[in-house]
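Residue numbers for the sequence shown, in the numbering used here: 217 to 366.
What the hints contain is simulated information worked out from the structure, not anything from laboratory work.
Ideal placement from N, C-alpha and C gives every residue a C-beta, glycine not left out.
Treat the hints with care, since some could be wrong.
The following label-pair restraints were derived from C-beta to C-beta distances [as the list claims (entries may be wrong)]:
no., residue 1, residue 2, range
1, Met230, Thr264, 41 to 47 Å
2, Arg323, Pro298, 23 to 29 Å
3, Met230, Gly284, 21 to 27 Å
4, Ala260, Asp332, 24 to 30 Å
5, Ala260, Pro238, 26 to 32 Å
6, Arg234, Gln320, 21 to 27 Å
7, Arg296, Arg217, 35 to 41 Å
8, Ile221, Pro257, 17 to 23 Å
9, Pro257, Glu291, 17 to 23 Å
10, Gln237, Ala300, 36 to 42 Å
Here are the simulated SDA-like cross-link-like pairs (lysine to any residue), alpha carbons at most 20 Å apart as the crow flies [stated by the list, open to error]:
no., residue 1, residue 2
11, Lys255, Gln237
12, Lys255, Pro292
13, Lys255, Ala235
14, Lys333, Arg296
15, Lys333, Tyr280
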Amino acid sequence: RLPAIQAAYEALSMVHSRAGQPGAAVENAELACRTAQAKHPPTAVPGTDVLVACSRWSSLLRDYGHLGAAVRVAEPLLARLPAAPQDPDAAATLWIDQARAQRQLGRLAEAQASIDKAGQLLDSFEAEPGQRALWLDARADILSARGAFA
Numbered sequence: 217r218l219p220a221i222q223a224a225y226e227a228l229s230m231v232h233s234r235a236g237q238p239g240a241a242v243e244n245a246e247l248a249c250r251t252a253q254a255k256h257p258p259t260a261v262p263g264t265d266v267l268v269a270c271s272r273w274s275s276l277l278r279d280y281g282h283l284g285a286a287v288r289v290a291e292p293l294l295a296r297l298p299a300a301p302q303d304p305d306a307a308a309t310l311w312i313d314q315a316r317a318q319r320q321l322g323r324l325a326e327a328q329a330s331i332d333k334a335g336q337l338l339d340s341f342e343a344e345p346g347q348r349a350l351w352l353d354a355r356a357d358i359l360s361a362r363g364a365f366a
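Go ahead and model the full structure; you've got the sequences and the hints to work with.
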């Protein structure tokens with residue numbers, strides 16, 4: 217039952233986001249993330265379902281200006297990730313989202329560390345060109361903010 221419930225919340229979140237209803241989009245993304253987490257012990261390594269659902273929630277929070285909340289969503293998941301996660305693509309996406317939120321909060325050293333971790337993960341598998349482009353864009357933004365050059 218939980219996977220079906222999670223999928224329904226994810227679908228509702230996308231519908232509300234496209235309809236210009238950010239509050240409902242964020243709320244349903246949160247419910248999808250929490251439903252995904254309910255399928256696993258709280259200390260377990262986050263699976264792909266948790267990473268994807270929570271990354272979407274974090275990303276929506278960031279997109280709608282709730283930067284601190286976006287960082288808080290991702291922090292406990294990222295802390296439980298092993299150096300070689302089962303799904304490096306999903307983990308890299310969450311690290312990239314985290315780096316972007318940290319960058320927008322002005323936490324540049326943390327953003328640099330997060331984007332570096334995403335880069336290490338992307339180097340560990342054959343990343344899609346689109347994923348690599350997202351990483352490069354975020355990395356360039358962070359380096360620019362820090363006064364460095366990519």
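- Item | lysine 255 paired with alanine 235 [C-alpha distance capped at 20 Å] | violated (29 Å)
- Task: For the pair we were handed, lysine 333 and arginine 296, check the Cα-Cα distance against 20 Å.
- Result: holds (14 Å)
- Is the distance from the Cβ of alanine 260 to the Cβ of aspartate 332 consistent with 24 to 30 Å? 25 Å Cβ-Cβ, so the 24 to 30 Å window holds.
- Could you say whether the range 21 to 27 Å given as a hint is met by the Cβ separation of methionine 230 and glycine 284? Holds - the Cβ-Cβ distance for methionine 230 and glycine 284, about 24 Å, lies within 21 to 27 Å.
- Task: Look at the Cβ atoms of arginine 323 and proline 298 and judge whether their distance stays inside 23 to 29 Å.
- Result: holds (24 Å)
- Query: Per the hint of 26 to 32 Å, is the separation of the Cβ atoms of alanine 260 and proline 238 within bounds?
  - Reply: holds (31 Å)
- Task: Could you see if the CB distance from arginine 234 to glutamine 320 stays within 21 to 27 Å?
- Result: holds (23 Å)
- Query: Would you say the C-beta atoms of arginine 296 and arginine 217 sit inside 35 to 41 Å of each other?
  - Reply: Hint violated: Cβ distance 25 Å, outside 35 to 41 Å.
- Query: CA of lysine 255 to CA of glutamine 237, is that 20 Å or under?
  - Reply: violated (28 Å)
- Item | Outcome of range test on Cβ distance (methionine 230, threonine 264; 41 to 47 Å) | violated (18 Å)
- Task: Given the hint of 17 to 23 Å, check if isoleucine 221 and proline 257 actually sit that far apart at their C-beta atoms.
- Result: holds (18 Å)
- Query: Range hint 17 to 23 Å: satisfied by the CB atoms of proline 257 and glutamate 291?
  - Reply: holds (18 Å)
When held up to the earlier numbered hints, the structure conflicts with 1, 7, 11, 13, 15 and fits the remainder.
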